[in-house]
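Q: Below are the chains, spelled out letter by letter.
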Amino acid sequence: MQLEQTIGLLGVGTALPACCLDLEELATGGRISSQPETLARLGFERAFVADDESACTLAAQAAEAALKDARLRPCDIGALVWASALPGNHLRPSTIRSKGALHQFTYAGSWLQEELGLDRATVTATAQQGCAGMFGALRSARAMLLAEPELEHVLCVGVDVLPHGASREILYNVISDGACAVVVSRHATRNRWIAFHQVTRGYYWDTPALEKEIIASYFATSRIVLNELLVKAQLAPAAIECFIPTGVSRTSWPILLRLAGFSEEQLYRSERPHFGHTIAADNFIFLEEIRRKGIIARGSKLLLFTYGFGSSWCGLILEH
Amino acid sequence: MKPVMFITGANGCIGRAVVSRGEWICFGHEPHRRDITQANLGLSEAEVEDLTARIEVIVHAAADTRFNAPYEVLHRTNVMGTRNVLEFAARCRRLRKFVHISTTCVAGKRVGVIREAPLPQAPFVNAYEQTKHEAEQLVLDANLPTQIIRLATALGSERDGSIPRWGAAHMTLYFLYRGLISMVPGSPRASLDFISIELAASVITAAALDPKVRHKILHVSSGDAAPLAEFLDFAAERFARRGFVKPPIVDETTFRLFQDSVRASRDLLFNQVLGCTECFLPGLLYPKKYATCNAEALLGRAPLPIAPWRELAGRVIDHCMATNWRRSI
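Residue numbers (my numbering), protein chains in the order written: chain E, 2 to 321; chain Y, 463 to 791.
Isolated chain Y (complex conformation):
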């Protein structure tokens, strides 16, 4: 029998993909569009009474995923919002699973192998990482059947390359295509870790449908991670664009000098490009690999059924070029 699920962020990139799998009972004709930053998620007391009596599974996918937003703004949605959803969950009398959608970015500036386990606070590349880490701590501290799924960057659909919602990675790809990325900060060992939306949705669905919390934390990460240098070569070939010059991969100091130079020029376009990229590309200076044993155990498949990165990235790039880089919202 299908469980009754309550999902936050149902209109987001991941939420929409989860809902569309049809493994759930949805009540009402319209989804409940409410605000998780409000007490009781902005629901009336009557609505809360009704919902908490029926909900069996909560998938908390709502988040502010802007890498360049200030901490205070992100904290409101990602931390306070999570607190509100947890308080709501605590009132759900039939709740058997609370699935919190997190990000592999919570590893911050760590390097090496990242285990599917709680992570002590470490330096972060941006406030998004920090607030998602803080949200994880709330979830771990809650006395609920919680499970945390840390997703790598969901680049797009492995079927057709479509992108439900543009993020910083897509904007960076766009600026790269236009030849506006001068350099990329990164370790020589850095890899890009992206997954398809379908894979993310399938793991979340499997976790939500599993009545037990076998593992507290799972990683959905690309075992076939794309080495940064190889990815840049691949993108250059895929763009098939005259005049494209592959940006060099540079160390932290060089990138900082470049940032200072761009800021000093006050050039609007380059500051826009920098504003988009500097909030997450420096993460490539900290090469890491994510363990995925728990996710593999959940799906009963090892390794995870990951689309080869060239296929996924190729489809996404082709889709972007075919649609003339129009942003899908």
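Just chain E, same shape as in the assembly:
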């Protein structure tokens, strides 16, 4: 079997904060701008808020879970890719209180390497893809495995924690803090990488100014990306056993599925209370849940899809 056909997602881990606020609590705290009933109609119930955890804490929890899921030791990891949409989450505060430029170089990825004892791992990071950051990390990880024969396992960690007290609503979506981690391995026994496709439209870089256009273009571009992804994979929509969404508005997925030729039955619907949208981790929270429950047969095709400010639309097909 060729190398391209054996790379896959060997382990997945996720972490959500302990604190959870329902829509009324978010409204009372001034953390959402829409009425709670409006967001409820869009399928939201609550948000996980990292009042007591940092991005690093959540990232470490998710990474440990992913290593465990992959049955790997920290020393097995050859590279670590840190992904976060928010610039602040790429840094860990220094252990000393002082001022100066050096405080801009306290990288969270390096901290995580040290914290978990990933002694053989090199550290890199991806950013500027919004909610699609983790997809960018996975793509980089696969490219590393293809390019560097000595690498066996790459650990990708995606984490986003909004600043303390920040609004929890973005474009009618309730935002949770959360982290995910995925081990991308050269010889994966599950979730083999079939195809990936990304479209970036830099025109939309000015998110505040183009908010409405971004919303309006979402479906049209999503459909294009999904269709092109299926062409790359040489698959028909019906060949996808499970379409793994993000945690954005539940009302949007049936529309997108119909647009791209999928049926609603293909959409994965979690039974857990809606956790909102965690920026980078949603798809992988669902993927981890699917595997844990064992509800999808091995060999089935899974499709993960997301959109991130920037604007980047990403789709990934795996063989479970």
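Please note that the accuracy of each hint is not assured.
As the list claims (entries may be wrong) - Partial list, computed: chain E residues near chain Y (C-beta under 8 Å):
no. : residue
1   : S218
2   : F220
3   : R224
Said to hold, decoys possible - Below 25 Å or equal to it, Euclidean Cα-Cα: the simulated SDA-like pairs (lysine to any residue) are:
no. : chain 1 : residue 1 : chain 2 : residue 2
4   : E       : K213      : Y       : R703
5   : E       : K213      : Y       : K571
6   : E       : K213      : Y       : L581
It should be emphasised that the hints constitute simulated quantities derived from the structure, not laboratory data.
Keep in mind the model is a prediction, meaning the values are calculated, not measured.
Built from N, CA and C at the ideal position, the CB exists for glycine as well.
Guided by the hints, dock chain Y onto chain E, whose structure is given.
A: This is chain Y only, laid out in the frame that chain E set:
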């Protein structure tokens, strides 16, 4: 000799174009600005006596053309107003022709070929279509020399692309240009049917000047109808705008889900866009083609002298962009 014409809606998009052709005798320096929803059209009895003794042709072009207005509001102008104009016409002792300006939209949700003939009531996309259909029934039932002209969407001037009055089609074009149309409901076979104001005015004028009622109903419709998908490609190219993403054409169920989603968000702008477009775009789910034989016979030309849709739409889009989409009223 030029006939004496009475026209309602003389300040409207079509009425103005008809009057400007100069085929008529206009009396007084100011047009009679009256209200067709009133008995005797709001004219005094003396005015009625004077006018009914002289009028030879009536062109009833006045209508409330808002696709998103409630039925009751539209009924007042489009149905009751037509009834009042017909009653006025019945008093015109020299009347030889009553030309009622209708719309191809009266075909509602029918599909296929629409003949130039009375249409039994069918489901409608909006209340405008329904009230214009009801008005047609009044005209057909009147014991007068009536003629009905069903116009397709008059998009603008084929000369310079100018738009005397903005309608839902122009607002939709504007929202499309701004990248705010997420999707368009439509059949894969749907076409956009639009004509120039000049063509509409020329057919109305020819009908009004023809002393006989050779055909009861005429269609002024684009034989060169623009396929929806091709039109969207054309508009995208014409806009020449970075970041423009062509909205997908979707089926009825998908559009309904989208409508529900927009309403659930309560987003003001998207609800405004939806409010403007949802009242007529779903008509594209019902592809149809209008027969134009009667109109061709009237003009003595087959096919009708229709501006190619790319030329007409191109001029209108260029005009809109050149004027920075300022609405012409």
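Q: Evaluate each hint against the coordinates.
A: Status of the hints after comparison with the structure:
no.: 1; hint: S218; result: holds (4 Å)
no.: 2; hint: F220; result: holds (5 Å)
no.: 3; hint: R224; result: holds (6 Å)
no.: 4; hint: K213/E to R703/Y; result: holds (16 Å)
no.: 5; hint: K213/E to K571/Y; result: violated (32 Å)
no.: 6; hint: K213/E to L581/Y; result: violated (42 Å)
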